[in-house]
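Since the structure of chain A is already known, use the hints to place chain C on it.
There are 2 protein chains.
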Amino acid sequence: MKKKIEFRSQCPISTALDIFGDKWTLLVIRDLLFNGKRTYGEFLESEEKIATNILADRLSILEMAGIISKKKHPDSNAKILYNLTAKGIDLIPVLIEIIAWSEKYHDVHPYAKKFAKQLHKDKEKVVRQLFENFTKK
Amino acid sequence: MKKKIEFRSQCPISTALDIFGDKWTLLVIRDLLFNGKRTYGEFLESEEKIATNILADRLSILEMAGIISKKKHPDSNAKILYNLTAKGIDLIPVLIEIIAWSEKYHDVHPYAKKFAKQLHKDKEKVVRQLFENFTKK
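As they're listed, the protein sequences go chains A and C. Mapped onto our numbering, the consecutive letters of the first sequence carry residue numbers 1 to 137. Mapped onto our numbering, the consecutive letters of the second sequence carry residue numbers 1001 to 1137.
Note that these hints are calculated values from the structure, not bench results. Please note that the accuracy of each hint is not assured.
[To be verified] Pairwise CB distance ranges (calculated):
id, chain 1, residue 1, chain 2, residue 2, range
1, A, S69, C, F1131, 35 to 43 Å
2, A, G66, C, K1049, 23 to 31 Å
3, A, I54, C, S1060, 21 to 29 Å
4, A, K79, C, K1121, 40 to 48 Å
5, C, E1045, A, K125, 38 to 46 Å
6, A, A86, C, K1121, 20 to 28 Å
7, C, S1076, A, I54, 42 to 50 Å
[Unchecked claim] Cut-off 25 Å, straight-line C-alpha distance, at most; resulting in silico cross-link-like pairs (BS3-like, lysine-lysine):
id, chain 1, residue 1, chain 2, residue 2
8, C, K1121, A, K125
9, A, K123, C, K1125
10, C, K1087, A, K104
11, A, K123, C, K1121
12, C, K1113, C, K1023
13, A, K121, C, K1087
14, C, K1049, A, K4
15, A, K4, C, K1023
16, C, K1049, C, K1023
17, A, K87, C, K1104
18, A, K4, C, K1104
19, C, K1004, A, K104
20, C, K1049, A, K3
21, C, K1104, A, K123
22, C, K1104, A, K136
23, A, K23, C, K1049
24, C, K1125, A, K117
25, A, K87, C, K1114
26, A, K70, C, K1104
27, A, K136, A, K72
What you are looking at is a predicted structure, and each value in this text was computed from that prediction instead of being measured. Backbone N, C-alpha and C define an ideal beta-carbon position, used for all residues, glycine too.
The following block holds chain A by itself, in its conformation from the complex (with noise of 0.2 Å):
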């Protein structure tokens, strides 16, 4: 596992594609920020189906930018809940651009056409929402 991030240079993209350049990661803020998980047990469930080492690698990552953080669960020592940081909410843009772009060119599931179009109607009050639900919480 990383120790920590090394950034190939100060292009604002590779920056960010040093930490979430890859299959996996961004598919793992698409749950805490659209599916409401927030346990590692969750995230495996995942229909992509990221193997163990590889989630607990980008978990490691994440907390590493500082995009996620952790607090135990209420319900058990054992368990860890994940939440997203202020910089993790700010991805929202992000991945509802991708969101935009994909559905557009590709054939996505009937709920992501559905969002789609509540984008085409009104982007900035989908985002908007999105994150007043996450700073309030």
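For chain C alone, coordinates are given in the frame of chain A:
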């Protein structure tokens, strides 16, 4: 080299990551969008120093995904010019949001800070101008 892109699910985020979920692909898009690069040799020169085999692989995936197209260089038959398709140009808002997020939280180049200031002032205008630049070509 991959023959086709395999999609893990019909989630739009997962689908997008099946195409560009790595540390390099969006840097090639960045070079096409913001740095006026259009040839293999130009992509190799970028400061992150992409390896030739990775570059060839990513260009082939981008072409398969319909994000770039290629044509012969007018100066030399041995050279290829890469262009963004409409699907590639539609990635502008994704890259813009990544830049805005990354600039807020990371140590980035002065020119990226300056660009982020323009985004804070009028993001829609910057996005519109970028679209205009590319749809004129």
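A quick look at each hint next to the structure:
As the Cβ distance of S69 of chain A to F1131 of chain C is approximately 37 Å, the hint placing it in 35 to 43 Å holds. A beta carbon spacing of about 27 Å between G66 of chain A and K1049 of chain C agrees with the range 23 to 31 Å that was offered as a hint. The hinted range of 21 to 29 Å is satisfied by I54 of chain A and S1060 of chain C, whose Cβ atoms lie roughly 25 Å apart. Taken as a hint, the range 40 to 48 Å holds for the pair K79 of chain A and K1121 of chain C, whose Cβ atoms sit roughly 45 Å apart.
The hinted range of 38 to 46 Å is satisfied by E1045 of chain C and K125 of chain A, whose Cβ atoms lie roughly 43 Å apart. With their beta carbons about 22 Å apart, A86 of chain A and K1121 of chain C fall inside the hinted range of 20 to 28 Å. Taking the beta carbon of each, S1076 of chain C and I54 of chain A are about 43 Å apart, inside 42 to 50 Å as hinted. Between K1121 of chain C and K125 of chain A the alpha-carbon distance is near 19 Å, which keeps this suggested pair within the 25 Å criterion.
Taking the CA atoms of K123 of chain A and K1125 of chain C, the gap is near 16 Å; set against the 25 Å cutoff, the hint holds. Distance hint between K1087 of chain C and K104 of chain A is fulfilled; the C-alpha atoms sit about 9 Å from each other, no more than 25 Å. Our distance criterion of 25 Å between C-alpha atoms is met by K123 of chain A and K1121 of chain C, whose separation comes to about 19 Å. In summary, the hint linking K1113 of chain C to K1023 of chain C is supported, as the alpha carbons are separated by about 22 Å, within the 25 Å threshold.
Proximity of K121 of chain A to K1087 of chain C is assessed by CA-CA distance (about 21 Å); at most 25 Å being required, the pair is judged to hold. This hinted pair checks out: K1049 of chain C and K4 of chain A have alpha carbons roughly 21 Å apart, not beyond 25 Å. Of the pairs offered as hints, the one joining K4 of chain A and K1023 of chain C holds, with about 16 Å between alpha carbons and a cut-off of 25 Å not exceeded. For the hint pairing K1049 of chain C with K1023 of chain C, the CA-to-CA distance comes to about 12 Å; that is within 25 Å, so the pair holds.
With a C-alpha separation of about 9 Å, the suggested pair K87 of chain A and K1104 of chain C falls inside the 25 Å cut-off, and the hint holds. As the CA atoms of K4 of chain A and K1104 of chain C are separated by approximately 20 Å, the hinted pair is consistent with the 25 Å bound. Under the criterion of a C-alpha separation no larger than 25 Å, the hint pairing K1004 of chain C with K104 of chain A is consistent with the structure, at around 20 Å. Among the hinted pairs, K1049 of chain C with K3 of chain A is consistent with the structure: their alpha-carbon atoms are about 23 Å apart, no more than 25 Å.
Restraint check for K1104 of chain C and K123 of chain A: the C-alpha separation of about 22 Å stays at or below 25 Å, so the hint holds. Between K1104 of chain C and K136 of chain A, the direct Cα distance comes to roughly 22 Å. Compliance with the 25 Å bound is thereby established for this hinted pair. At roughly 21 Å between alpha-carbon atoms, K23 of chain A and K1049 of chain C fall within 25 Å of each other, so this suggested pair holds. With a CA separation close to 23 Å, the supplied pair K1125 of chain C and K117 of chain A stays within the 25 Å bound.
Between K87 of chain A and K1114 of chain C, the direct Cα distance comes to roughly 21 Å. Compliance with the 25 Å bound is thereby established for this hinted pair. A hinted pair counts as satisfied when its Cα atoms are at most 25 Å apart, and K70 of chain A with K1104 of chain C qualifies at roughly 22 Å. Restraint check: the Cα-Cα separation between K136 of chain A and K72 of chain A comes to about 20 Å, which is no more than 25 Å; the hinted pair holds.
Taken one by one, the earlier hints all hold for this structure without exception.
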